[in-house]
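Participant: These are the residues of each chain, in order.
2 protein chains.
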Amino acid sequence: MHAVAVLGHGVVGSGVVELILSRGETLRERTREDIFVKRILDIRDFSHLSYAGLFTGKIDDILDDPEIEIVVEVMGGLSPAFEYVREALLKGKSVVTSNKELVAEKGAQLLGLARERGVKLLFEASVGGGIPLIRTLHQSLVADDLVEIAGVLNGTTNFILTRMIQSKMTFEDALCLAREKGFAEADPSADIEGLDTCRKICILASMACGKNVSPQNVKTEGITGVTPKDALYARSAGYVIKLLGEVRTAGPGGSRVSVGPALVPEASPLGCVCDEFNAILIRGKITGDILISGRGAGKEPTAGAVIGDIVQCVLDSKAPPTLFWSEEESELADFSALEERRYLRIEGKEAAKAAREAFGGDLSFLPGQDKTVGEEAFLTPPMTEAALCEALERLKDCRVLGKIRVRG
Amino acid sequence: MHAVAVLGHGVVGSGVVELILSRGETLRERTREDIFVKRILDIRDFSHLSYAGLFTGKIDDILDDPEIEIVVEVMGGLSPAFEYVREALLKGKSVVTSNKELVAEKGAQLLGLARERGVKLLFEASVGGGIPLIRTLHQSLVADDLVEIAGVLNGTTNFILTRMIQSKMTFEDALCLAREKGFAEADPSADIEGLDTCRKICILASMACGKNVSPQNVKTEGITGVTPKDALYARSAGYVIKLLGEVRTAGPGGSRVSVGPALVPEASPLGCVCDEFNAILIRGKITGDILISGRGAGKEPTAGAVIGDIVQCVLDSKAPPTLFWSEEESELADFSALEERRYLRIEGKEAAKAAREAFGGDLSFLPGQDKTVGEEAFLTPPMTEAALCEALERLKDCRVLGKIRVRG
Numbered sequence: 005m006h007a008v009a010v011l012g013h014g015v016v017g018s019g020v021v022e023l024i025l026s027r028g029e030t031l032r033e034r035t036r037e038d039i040f041v042k043r044i045l046d047i048r049d050f051s052h053l054s055y056a057g058l059f060t061g062k063i064d065d066i067l068d069d070p071e072i073e074i075v076v077e078v079m080g081g082l083s084p085a086f087e088y089v090r091e092a093l094l095k096g097k098s099v100v101t102s103n104k105e106l107v108a109e110k111g112a113q114l115l116g117l118a119r120e121r122g123v124k125l126l127f128e129a130s131v132g133g134g135i136p137l138i139r140t141l142h143q144s145l146v147a148d149d150l151v152e153i154a155g156v157l158n159g160t161t162n163f164i165l166t167r168m169i170q171s172k173m174t175f176e177d178a179l180c181l182a183r184e185k186g187f188a189e190a191d192p193s194a195d196i197e198g199l200d201t202c203r204k205i206c207i208l209a210s211m212a213c214g215k216n217v218s219p220q221n222v223k224t225e226g227i228t229g230v231t232p233k234d235a236l237y238a239r240s241a242g243y244v245i246k247l248l249g250e251v252r253t254a255g256p257g258g259s260r261v262s263v264g265p266a267l268v269p270e271a272s273p274l275g276c277v278c279d280e281f282n283a284i285l286i287r288g289k290i291t292g293d294i295l296i297s298g299r300g301a302g303k304e305p306t307a308g309a310v311i312g313d314i315v316q317c318v319l320d321s322k323a324p325p326t327l328f329w330s331e332e333e334s335e336l337a338d339f340s341a342l343e344e345r346r347y348l349r350i351e352g353k354e355a356a357k358a359a360r361e362a363f364g365g366d367l368s369f370l371p372g373q374d375k376t377v378g379e380e381a382f383l384t385p386p387m388t389e390a391a392l393c394e395a396l397e398r399l400k401d402c403r404v405l406g407k408i409r410v411r412g
Numbered sequence: 005m006h007a008v009a010v011l012g013h014g015v016v017g018s019g020v021v022e023l024i025l026s027r028g029e030t031l032r033e034r035t036r037e038d039i040f041v042k043r044i045l046d047i048r049d050f051s052h053l054s055y056a057g058l059f060t061g062k063i064d065d066i067l068d069d070p071e072i073e074i075v076v077e078v079m080g081g082l083s084p085a086f087e088y089v090r091e092a093l094l095k096g097k098s099v100v101t102s103n104k105e106l107v108a109e110k111g112a113q114l115l116g117l118a119r120e121r122g123v124k125l126l127f128e129a130s131v132g133g134g135i136p137l138i139r140t141l142h143q144s145l146v147a148d149d150l151v152e153i154a155g156v157l158n159g160t161t162n163f164i165l166t167r168m169i170q171s172k173m174t175f176e177d178a179l180c181l182a183r184e185k186g187f188a189e190a191d192p193s194a195d196i197e198g199l200d201t202c203r204k205i206c207i208l209a210s211m212a213c214g215k216n217v218s219p220q221n222v223k224t225e226g227i228t229g230v231t232p233k234d235a236l237y238a239r240s241a242g243y244v245i246k247l248l249g250e251v252r253t254a255g256p257g258g259s260r261v262s263v264g265p266a267l268v269p270e271a272s273p274l275g276c277v278c279d280e281f282n283a284i285l286i287r288g289k290i291t292g293d294i295l296i297s298g299r300g301a302g303k304e305p306t307a308g309a310v311i312g313d314i315v316q317c318v319l320d321s322k323a324p325p326t327l328f329w330s331e332e333e334s335e336l337a338d339f340s341a342l343e344e345r346r347y348l349r350i351e352g353k354e355a356a357k358a359a360r361e362a363f364g365g366d367l368s369f370l371p372g373q374d375k376t377v378g379e380e381a382f383l384t385p386p387m388t389e390a391a392l393c394e395a396l397e398r399l400k401d402c403r404v405l406g407k408i409r410v411r412g
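First to last, the protein sequences are chains H and Y.
Position one of the first sequence corresponds to residue 5 (our numbering), numbered consecutively onward.
Position one of the second sequence corresponds to residue 5 (our numbering), numbered consecutively onward.
Since the hints were made in silico from the structure, they are not lab data.
Possibly wrong hints are sitting among the right ones.
Identical copies go unnamed one by one, so any copy, or any two together, can satisfy a pair.
Pairs of lysine-lysine, PhoX-like flavour, derived with a Cα cap of 25 Å [claimed, not checked]: (1) Lys-289 / Lys-185; (2) Lys-62 / Lys-172; (3) Lys-303 / Lys-289; (4) Lys-62 / Lys-400.
Please read all numbers here as calculations on a predicted model, not as lab measurements.
Construct the complete structure from the given sequences, taking the supplied hints into account.
Facilitator: Structure (structure tokens):
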């Protein structure tokens, strides 16, 4: 008998409780273990539910109950989630969480505590909903040397960008449609400004580096500056625009971690990931590229991922050693030395000529320019940020309307 | 200290030994366990190797050594691999294998033995090389209800089909190119006739069904009948041709398991998987679709998957309960009741008219017909195999040149 407590009876929390209730028999059959929900922490009134008797408003009813073996934290936010999880670990309970903010900000500390107490802290549901990204990555990390991680990790922005590309919608219209379909929250700023992707890539980067990567140290750009015009130009050259979270390990001076829009070849594995789907590309020295994709959100998939972690708590006696990183902050390389191609859209008198003068001859101009306004779009050769700045200074009488890196 | 013995020093076997030797320190750091190769079974002369002292020609040197905890079987073939693995399990050793023939034919028996003796039999490398297909599937199986598995599981045939589609090569030329690039063996018949895919889908189907699915019970068709013309017609309608292994569970009368070429939408997740890449789509009731793809073969990726399994043997004390199926044979539904669309290519006088008369009006004729020879290609409405046969009998004065199902 393994007693579980669920902190928070929101979308994911109710999904977890319902899954354990409705699939208890199946779970028992498959795992040969008995898993049940003993307590649910939520101060709201759920007296109409068949399992109303399980609710409590007091965290101590859970923390002080020695029978409760696993605490599922699905409240979201940093406080009081952090304090509750910390206490649970201190009391020798394993914790399963879907809270990406908590794992990104406090993961190192909590994982250290879990290791010290010989319990587990699992967080599959915190990145990619029901897609087993964390599991696939930590398996890769055991036998392989990780070269790169690149992920489309936010369904809201991928939906918006896909609609801008495929249906030529404006950002605002696409956001409205995302809201209608339930893919965007009332306040979508964490999504569209890249913070959500940043938290997720920080979790993956911390795993990959073995040391903490804090969201505040990661250069993060959202998609609010991307226009349908940019999407159209990009497509004319065989690219789509994706909001990517990326980690490149083993560079000089440390790993590179970044979040921002990028031009990705349309026919590439990440270019194929459309609408609300998420995907992650894991490039290992031994295994080469592995891509894993699916719906990255939703009540049932996320709750399913939580159940998977609960089962792992019950079945595996040892915590996966690669599902860990230390509190020491990772040394991150700065990007200024990195040579990358850029997509640029400029406006001005004789823009093409000005661009050639500023960047040299080796430019790929994209078809479909709006000549009436003197607009040009082109791809630069690979160049550093400093070289780009210099070239932009040389770009006389032109205004830069769009600037997006090209994933090489 | 965990002693490993490797049976067979071929491509994969030497890869496993080299990885353990070259990455021993890293493995130790990451797993906090000490894994080393104690013995290698191979009768050939490897006296030039730095680790020549590890070789033996006698299996009993391995089976009778109580220090050897894990036996890695990478010999291939059924005999003596089966006898050796059986003995190893009987002696209380865990076994890791990359041998798909062994797992497809004898998996149930060996898994039963492993469970009885409290040891593990892991086989990640038997399907999809370094891509963690088995792991992802068995995780899905714990918390989810599996609806469908569909996989591009053979790199050789996917490479050939991709070249036929993208470069308009004939089957023979594409096969030659695959051989040149090392993607096809001297005798490619197991690949191109679908047997390799059949063994792999049987392993996945057995896991999904919990009961054995024998290769001899699965309708298997290869790709030797596919022509560049079919590829061209398919593409004109937005499809590509893939050799698929498929499992559909929970149908009336049992699961459906099949291997054969199919038209797949070009822009779909499986349609995007090109060249020597493999992919598997896992459709769960809770999680929805998960796609995982990567290079499905090669010395290093396959050896990496074996190392991953070795690490799991060392770290996890309990065998994953869903990595098991019973010896009882799965009840498989026959396909005759299944309504599917078909792609047909026919030749004859007034072929279009004949087709309309035989199949009714609801046909999608594909552009690009070679009118000079009276050829027509079209997609039928969804129909059963029996209805198709009846319609084909009504198809007067026409010869059927191509017939491929459309994945719906």
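Participant: Hint by hint, work out which the structure violates, then give me just those numbers in ascending order.
Facilitator: 2, 4
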